[in-house]
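Undergrad: Which chain is which? The protein sequence lines are W and U, in order. At position 141 of the first sequence the residue is numbered 140 (numbering that gives the first Met the number 0), and the sequence of numbers has no breaks. At position 64 of the second sequence the residue is numbered 63 (numbering that gives the first Met the number 0), and the sequence of numbers has no breaks.
Please keep in mind that the hints were generated in silico from the structure rather than gathered at the bench. Careful, some of the hints might be misleading.
No copy labels: a pair is met if it fits in one copy or bridges any two.
Said to hold, decoys possible - Calculated cross-link-like contacts (lysine to aspartate or glutamate; reagent style EDC-like; alpha-carbon spacing at most 20 Å): (1) K93 to E18; (2) K93 to D149; (3) K93 to D40; (4) K93 to E205; (5) K93 to D110; (6) K93 to E224; (7) K93 to E108; (8) K93 to E17; (9) K93 to D164; (10) K93 to E181; (11) K93 to D130; (12) K93 to D122.
Protein chains: 2
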Amino acid sequence: MAVTAAGQRGGTLMGSREEILARVRDALGTASGTPVEVPRDYRRRLGAEEAASRADVIALFTERLADQRATVRHVGADELGTTIAAALWGREAKQIVVPADLPYGWLAELDGVRALADSQVTDVATLRAVDASVTGCAVAVARTGTIVLDGGRAQGRRALSLVPDHHLCVVHADQIVGTVPEAVARLDPYRPLTWITGPSVTTAVELARVPGGHGPRGLEVIVVED
Amino acid sequence: MAVTAAGQRGGTLMGSREEILARVRDALGTASGTPVEVPRDYRRRLGAEEAASRADVIALFTERLADQRATVRHVGADELGTTIAAALWGREAKQIVVPADLPYGWLAELDGVRALADSQVTDVATLRAVDASVTGCAVAVARTGTIVLDGGRAQGRRALSLVPDHHLCVVHADQIVGTVPEAVARLDPYRPLTWITGPSVTTAVELARVPGGHGPRGLEVIVVED
């Protein structure tokens, strides 16, 4: 019997599916439906060797972001407006999109850059055409260099951090926690959460590293130390 | 003995002071320091004859504001940006001041008007020189046509609603309550509260009606019906 390449691939997938289901059945055992003891012995906080102080937590976050080829800047609260303007001028951005509830002061210095307040009627073509989006975040994780958006204040809908090619995200120092469990504890699981770890990169096609496959090619973070 | 005009005035003041203190002592009686029963039999809510529905509460608020020579407009949430811009264009405003955390969308249509984000370093001369301020509010009272600011979100510090000569205030329909007791129940007494009932008018000098004595001469309210 002739087996085509497609058939082979189908067969491999089938084999994986069966293996996964078998593992699930094994794990469930005969106790299906009864509560299972979930091991919680992972580390919930940063150890003293990783971060002894708040400054260390922020430094670790910065380091991890830099590892991911994201740009990071640290500013005082009174420099935020000029820093955002300078970052956008540096990219020669002409038009950006922001959540309608972004604090006005963040954009108060934005001479020569048109900021479009997002609404449900902004179409994807417009979001694709802008030079960048500017948002806040809900929480950030130092150990993984991750930013989490939950659609709350100054964050807008998910499309803002996914469709424009460059994402400028403002993180207040008090939003940075050490670990993922600490971040989860601060978040509401019923909100639309977007976890962002560095600029978007995919290696789905022949393992070639292609930026921007599933989100912005550029991620720029401004940490505000209040 | 010669009595100067100044002496007479001093004497009159002294007389008033003694009279006031005497009344306070009378009111305190001998029970000083013990709790007093405060009569609470005033009406805490609007009666059905005043406002049978939410729409009536909003209509009453609008009517009372108009009685005070304030301008009132009603808009949907998606028209807010254009309404604020149109209101400022109509006044030929060139420069305004806003709290730094004013939602960006409120000013997104503001072509040709410079919006200054307020900070602690903005001096009074600058606040005097701008054409208007734009703020939100904490709560509004239908029966009295009053707007209350508490320094919270989109409101900024008190100077913003006192120093510029024109105050444009955005009131969301769900911020309007019927009566003062209802407003007090929503407010935190420890915050810096500013109660605004119409544009500023004083009759302190010879009972002549002088606008702008203690605040803006113009009050313009935009009610957002979400």
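Undergrad: Please go over all the hints and tell whether each is borne out by the structure.
TA: The hints, checked one at a time:
In this homomeric assembly, K93 and E18 never come within 20 Å of each other (Cα to Cα): the closest approach is 51 Å inside a single copy and 69 Å across copies. For a Cα distance limit of 20 Å, the shortest separation of K93 from D149 qualifies neither inside one copy, at 27 Å, nor across copies, at 37 Å. With identical chains, the CA atoms of K93 and D40 are never at most 20 Å apart, being 50 Å at best within one copy and 61 Å at best between copies. Proximity of K93 to E205 under the C-alpha cut-off of 20 Å is found in neither arrangement, the shortest distances being 36 Å within a copy and 57 Å between copies.
Taking the shortest Cα distances, K93 and D110 sit within 20 Å of each other both inside one copy (10 Å) and across copies (15 Å). In this homomeric assembly, K93 and E224 never come within 20 Å of each other (Cα to Cα): the closest approach is 28 Å inside a single copy and 33 Å across copies. Proximity of K93 and E108 under a CA criterion of 20 Å is satisfied in both settings, with 14 Å inside one chain copy and 16 Å between copies. Taking the shortest alpha-carbon separations for K93 and E17, neither the intra-copy value of 52 Å nor the inter-copy value of 69 Å comes in at or below 20 Å.
Taking the closest pair of Cα atoms, K93 and D164 come within 20 Å of each other only inside a single copy of the chain (13 Å); across copies the shortest separation is 34 Å, beyond that limit. Proximity of K93 and E181 under a CA criterion of 20 Å is satisfied in neither setting, with 38 Å inside one chain copy and 47 Å between copies. Taking CA atoms no more than 20 Å apart as the test, K93 paired with D130 passes inside one copy only; the shortest distance there is 7 Å, against 28 Å between copies. In this assembly of identical chains, the alpha carbons of K93 and D122 lie at most 20 Å apart only when taken from the same copy (18 Å versus 32 Å across copies).
Of the numbered hints stated above, those contradicted by the structure are hints 1, 2, 3, 4, 6, 8 and 10, listed in ascending order.
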